[in-house]
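Engineer: Taken in order, these protein sequences are the chains called Y and P. Numbering of the first sequence is given in the working numbering, commencing with residue 1 and proceeding in unit increments. Numbering of the second sequence is given in the working numbering, commencing with residue 1 and proceeding in unit increments.
Derived by calculation from the structure, the hints in this document are not laboratory data. Note that the Cβ used here is the ideal one computed from N, Cα and C, for glycine as well. Among these hints, one or two may not hold up.
Said to hold, decoys possible - Once the Cα atoms are required to be at most 25 angstroms apart in a straight line, the calculated SDA-like pairs of lysine to any residue come out as:
(1) P/Lys19 - Y/Pro349
(2) P/Lys19 - Y/Pro306
(3) P/Lys19 - Y/Gly173
(4) Y/Lys118 - Y/Glu259
(5) Y/Lys241 - Y/Glu259
(6) Y/Lys270 - Y/Glu259
(7) Y/Lys241 - Y/Pro21
(8) Y/Lys270 - Y/Pro21
(9) P/Lys19 - Y/Ser308
(10) P/Lys19 - Y/Lys241
(11) Y/Lys270 - Y/Thr301
(12) P/Lys19 - P/Asp51
(13) Y/Lys118 - Y/Glu240
(14) P/Lys19 - Y/Arg196
(15) Y/Lys241 - Y/Glu74
(16) Y/Lys241 - Y/Asp340
(17) P/Lys19 - Y/Pro21
(18) Y/Lys270 - Y/Phe33
(19) P/Lys19 - Y/Phe33
(20) P/Lys19 - P/Ala121
(21) P/Lys19 - Y/Thr373
(22) Y/Lys118 - Y/Ala137
(23) P/Lys19 - Y/Arg372
(24) Y/Lys241 - Y/Lys118
(25) Y/Lys285 - Y/Ala72
(26) P/Lys19 - Y/Asn337
(27) P/Lys19 - Y/Arg302
(28) Y/Lys285 - Y/Arg328
Said to hold, decoys possible - Which bits of chain Y does chain P cover? Going by a derived footprint, with three or more residues having C-beta under 8 angstroms, they are:
(29) 74-85
(30) 132-142
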Amino acid sequence: MTAAPGSVGIVQPQRASFGDPLRLSSGATLPAFELMYETYGTLNAERSNAILVCHALNASHHVAGEYAGQPASEGWWDNMVGPGKPVDTARFFAVGVNNLGGCFGSTGPASINPATGKPWGSDFPIVTVEDWVDAQARLADHLGIERFAAVMGGSLGGMQALSWAIRYPERIGNALVIAAAPNLSAQNIAFNEVARAAILTDPDFHDGHYYAYGVKPVRGLRIARMVGHITYISDEQMGEKFGRTLREGLNYSFAPEFEIESYLRYQAEKFSEYFDANTYLRITKALDYFDPALVTGGNLTRALAPASCRFLVISFTTDWRFSPARAREIVKALVDNRRDVSYAEILAPHGHDAFLLDTPQYHAVVRSYLVRTLR
Amino acid sequence: MTLSTRPDFSTIAGWIAPKARVLDLGCGDGSLFAYLRESQGVTGYGIEIDDAGVLASIGNGVNVIQSNLEAGLAGFDDQSFDSVILSQTLQAMRHTELIVLEMLRVGREAIVTFPNFGYWAHRVQVLSGRMPVSRDLPYQWYDTPNVHLCTVADFDAFCAAHSFRVLERVVLHDSKRVSVLANLFGSLAIYRFQRGGEQ
């Protein structure tokens, strides 16, 4: 009997330090690094109930619960992770981690470069999904987790789950790949390039060393966020939410007149206050570079051959950023490899953002799938 | 999660080799696949379009792929399964011919089961001027999912017209095999067949 779904309550982030150098995909080496993480639930005696929750573009290690004395500080996937929730913390030990290059406490461009004593800025190396996964594996070692019951994530987080299955097949029992794609389309990369161009051309960018100038390229970051945000929502949903509604009628000016304009500006403003532009640049690059089939001549089936875990792949009908057709490519490659895979295509009007929402069928599928992983 | 069994399950299981690679089209809650996994140790996938079926299959630990059969089996390579099963779904398919051809493309053998429209009680109802409603066809004409009902004789002719080689044919009523006048006294038909000209 599970209790009514609830919150994991007050949580506290933790920091893990790693002194062994980490060799990156680019060939660069990080001499040492730190990762911020949070955990929810209890690791069982067999250490067999751990689930790694990977974040997407703009989220962090703060997956669930809230911080003491900070109202409205719920984690980004609080509807998914908690007691009685699909990732039931009464059964599972969930781990959230801020990826390398992030801006929520893990080593990233705003951290101090030990070689110079100044923030890394643009000298911080480009990191890839594979680098993140390698760093996460170090965190698993640190936590005494030899094998995750599951690694899961949506969007870019789903790509990390896929990468885990390929890179560490013996360390993962299940991969939950949600609202993801086996690589980015030209259109996806194009959107990312607009976002990067906005940041790189901001006069406050200062070649990535803006920390020293006491400024931040917030104008670029805002535009980057606007572009991204548009791709997270379906046309249908945007139409339903905002339509052509005007705030006060036409003013024949360039001030925000349509509701959608002020919504985008608001989202962009909020985002630029807490997110670091150098991190944004790097995460979009990691997205663009992700392509496990690159080393197999574009053959995704062969790229996924090393994976041995079970898979749950989920897509959302109105997601045009990573459409169901892209998820089906992953499913096909897994079927070709005769892997255990289930695939659910969730009817949802929201677009890509649906992976963060709690459509009943979506959550029921995740819940039902995970219940079986502990049997 | 509870599993149901249907009268055609044991006949189908008898036609599946141990450890066979199986694709179950229209797998519903995964009951048949789970049955075959228990009895024959099969591996493979169920395909289901309905949300409730997908959820139940996952709950039953069956690999299920949510997909519309009417669009064919594009996600599956040629001859990648030992058996492809369509259990009591044929009659509800719009693109009947397409799906049967797809079954024989991805599988070495096809197993199809369907309610026999030629069953005597159905004929009596048609003769009396009404569309049949029975245990096997429990729908009124205006709300039935069944769009392509056929008789045993019809399916025989379909197989002949496509040069399919029928390997086995069993017609049941009340879970018992009917061997005399099967098209009249049998209510559930089960076929195993492959493409003609093959071993």
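Engineer: Indicate, hint by hint, whether the structure satisfies it.
Structural biologist: Here is how each hint holds up against the structure:
no.	hint	verdict
1	P/Lys19 - Y/Pro349	violated, 41 angstroms
2	P/Lys19 - Y/Pro306	holds, 22 angstroms
3	P/Lys19 - Y/Gly173	holds, 23 angstroms
4	Y/Lys118 - Y/Glu259	violated, 42 angstroms
5	Y/Lys241 - Y/Glu259	holds, 9 angstroms
6	Y/Lys270 - Y/Glu259	holds, 17 angstroms
7	Y/Lys241 - Y/Pro21	violated, 48 angstroms
8	Y/Lys270 - Y/Pro21	violated, 35 angstroms
9	P/Lys19 - Y/Ser308	holds, 19 angstroms
10	P/Lys19 - Y/Lys241	violated, 52 angstroms
11	Y/Lys270 - Y/Thr301	violated, 41 angstroms
12	P/Lys19 - P/Asp51	violated, 28 angstroms
13	Y/Lys118 - Y/Glu240	violated, 48 angstroms
14	P/Lys19 - Y/Arg196	violated, 52 angstroms
15	Y/Lys241 - Y/Glu74	holds, 24 angstroms
16	Y/Lys241 - Y/Asp340	violated, 39 angstroms
17	P/Lys19 - Y/Pro21	violated, 47 angstroms
18	Y/Lys270 - Y/Phe33	violated, 28 angstroms
19	P/Lys19 - Y/Phe33	violated, 48 angstroms
20	P/Lys19 - P/Ala121	violated, 39 angstroms
21	P/Lys19 - Y/Thr373	holds, 23 angstroms
22	Y/Lys118 - Y/Ala137	violated, 28 angstroms
23	P/Lys19 - Y/Arg372	holds, 22 angstroms
24	Y/Lys241 - Y/Lys118	violated, 45 angstroms
25	Y/Lys285 - Y/Ala72	violated, 31 angstroms
26	P/Lys19 - Y/Asn337	holds, 16 angstroms
27	P/Lys19 - Y/Arg302	holds, 24 angstroms
28	Y/Lys285 - Y/Arg328	holds, 24 angstroms
29	74-85	violated (count 0)
30	132-142	violated (count 0)
Hints 1, 4, 7, 8, 10, 11, 12, 13, 14, 16, 17, 18, 19, 20, 22, 24, 25, 29, 30, counting from the list given before, are not met by this structure.
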